[in-house]
Structures are given as structure tokens and as C-alpha cells.
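Undergrad: Sequence:
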Amino acid sequence: MLLAIETSCDETGVALFNLEGRLVHSLLYSQVALHSPFGGIVPEIASRKQLEVLHPLVKKLLAEAGVSPKDLKVISATLGPGLIGSLLVGVTYAKTLSLTLGIPFIGVDHLSAHVFSIFLEKKVDFPFLGLLVSGGHTALFLATDFDRLELLGHTRDDAAGEAFDKVAKLLGLPYPGGPVISKLAEKGDPDYYELPRPLLTSQDFDFSFSGLKTFVLHLVKKEGEGLKVEHLCAGFERAICEVLVEKTVKAVKKLGIPRVVVGGGVAANKRLREFFQKRAEEEGFSVYFPSTELCTDNAVMVGFLAYKKWERKEFTPLSAECYARAKYKLRASSQAP
1 MLLAIETSCD ETGVALFNLE GRLVHSLLYS QVALHSPFGG IVPEIASRKQ
51 LEVLHPLVKK LLAEAGVSPK DLKVISATLG PGLIGSLLVG VTYAKTLSLT
101 LGIPFIGVDH LSAHVFSIFL EKKVDFPFLG LLVSGGHTAL FLATDFDRLE
151 LLGHTRDDAA GEAFDKVAKL LGLPYPGGPV ISKLAEKGDP DYYELPRPLL
201 TSQDFDFSFS GLKTFVLHLV KKEGEGLKVE HLCAGFERAI CEVLVEKTVK
251 AVKKLGIPRV VVGGGVAANK RLREFFQKRA EEEGFSVYFP STELCTDNAV
301 MVGFLAYKKW ERKEFTPLSA ECYARAKYKL RASSQAP
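No gaps in the numbering here: position 316 of the sequence shown is 316 in this note's numbering, and each next residue is one more.
Each hint should be verified, as a subset may be incorrect.
What the hints assert, rightly or not - EDC-like, lysine to aspartate or glutamate: derived pairs with alpha carbons at most 20 angstroms apart:
1. Lys73 x Glu20
2. Lys329 x Asp145
3. Lys254 x Glu223
4. Lys329 x Asp157
5. Lys270 x Glu281
6. Lys70 x Asp145
7. Lys270 x Glu186
FYI, nobody ran anything at the bench for these hints, they're computed from the structure.
Let's have the full structure, built from the sequences with the hints guiding it.
TA: Printed below as a string of C-alpha cells:
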């Protein structure tokens, strides 16, 4: 059996795979209610809760699957990027089990796991473009194999999901902000306010959302009680979706790759899916989204990628350290036409 652990942020995920690559069982503990009063994730609270719940969650996973620790042949955990305190909880636990049981350890990159999570449900031919949109990251990749992911562009400041949360906080809306803004947007007119589309026409594949957030801040101050919240939410959501989609379409055209995979928490957004499907039909490319359960952080995607590494006997030394920031280098000539 392969045990996978995900503790990169505020979710605690554990999953079991057999050595044929089939998912046996998985569990997920969410801290959303814990962080909601603060309007965002508090790193110290997140890591302390990870420390509290991880071992009981692993015990519950093994018990429900009818598996003994002695049945484990390999253990994996997310190495990064993410919150260092949270990452250390999962990685230290995994390394300890590796030493105790005398089994190999496999460290998994969090961003790669999101990009390749689609393979748990669908087969996608290589190469493809992978757009990761979450609370902590927004990046566009070129995937040519499970161990070959090249960075084409990334956010220069706020991630898309982070922008949703920060704008929700500005508007006095609850955390997490994405689903709340999306629900309010259904009642609004996206053309009521004219919002900017940051870096939409830039000659690269980078993103930027802090300017859009600042624009909303000034608009809130200017409008005061006259602010039309539903209209603002509709315009804000559409602005972010359009930038994400059009930047990806540029990459499709330049690289001539007619396959796009979208992953991460924001990939669950209904409008983003609709915009992508519309543009895919217009431009003649295929777009793939994992189920909403696989969009958020989970150990199933970690276990899948760990299994691919296990097939290649690609083990991680116990001296490997967690990392907070992504380690991908920008691909040469990542310029849009």
C-alpha cells in the first residue's frame, strides 16, 4: 500500500493507494470554520491544527480500509510549496514512518499534483497546457510528461483565489470569498462597473490581480452605501475569468497545443468553466476540469503523483527539505505573440 499525506495549507488529507495505482480510501479534514472568523488563513493556527488531527486521521484511514501499518510499502507527502509550518507536520510525520517501517519516502510537489489530478478521472494526451488557479498560486505550465512540467507564466502578486478572498473581505463577505462572490454575481450585471483586466495584453503569460483588488478598494470607498455589491461581484468575477482564459488561449495559439487542463480551487468556479468551454469551442481546443472534489487540496492527487514516481523508483532522500515557494524556472521564450 502507498500512504499519501497532504498538509500544505489548512486542509489535512490522507489517502491509500494499492501498488497497482488504484485508490483504496481517502479522508479529508477541513479547517474552513476555524479560519472563517479571521477572513483568511492564519498560518500558526493552521499548522497547530494539522499537528493535532494528522495522526488520528491516518489511524482512522487505516482502520476503515482494514489496513495495518505493516502493509504500507511506501509513504508520500507534499514537500511544497505551501505554508512551512503546515508542510513540516506532514513531511516530518511521513519521514518518521519511513524510518520506523523501513519503507521509502516520496516527496510530491503540490502544484504538479494539482495539474496532474485530472488523470484520476480522465486520460489526457501529452503535451498539454496546465493552468493552476488556487488561493495561493496562479500559474500556467507546459506538461510533456508526469515528471516534466515547464513554467510558462505565473502571478506577479496576488493569486486569483487570494484576490477573491481579499475582495470578499473588503466587501464584508465571509471566508472563503470565492463561492460567496460567485453566488452574488449570479444576481448582478457584469457591465455595471468597468473593471480593469490586468496584463491582458502583455507580451508574456504572467498574471497580476493586485491592481484589480486595489481598484475595487477605491470603488468601495467612492461608492459608499450606494455600492451595488451584486454588480461589483459580477464584474470582478468576469474580469478574473477573462484574464485567466485569454492568457491561456494565447498560449494555445502560440505553442499550437490544443489541450488545456485547469486545476486548483478556483477551477471549481462555474463562470470560469463556462468561459473556457465557450472559448475552447471557438478556437478549436479541448479543455479539461477535474471534479470539484479534486479541485481543492487533497491527498488523492498527491498519492496519484507519488505512485507515478514509485513506478519509476524515484524516491526522495530523507534529507530533502520542505519549501514555501515554487521551484519552477520560467521557460525560455515564454512570450505571447
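Undergrad: Can you name, in rising order, the numbers of the hints this structure does not satisfy?
TA: Violated hints: 3, 6; rest satisfied.
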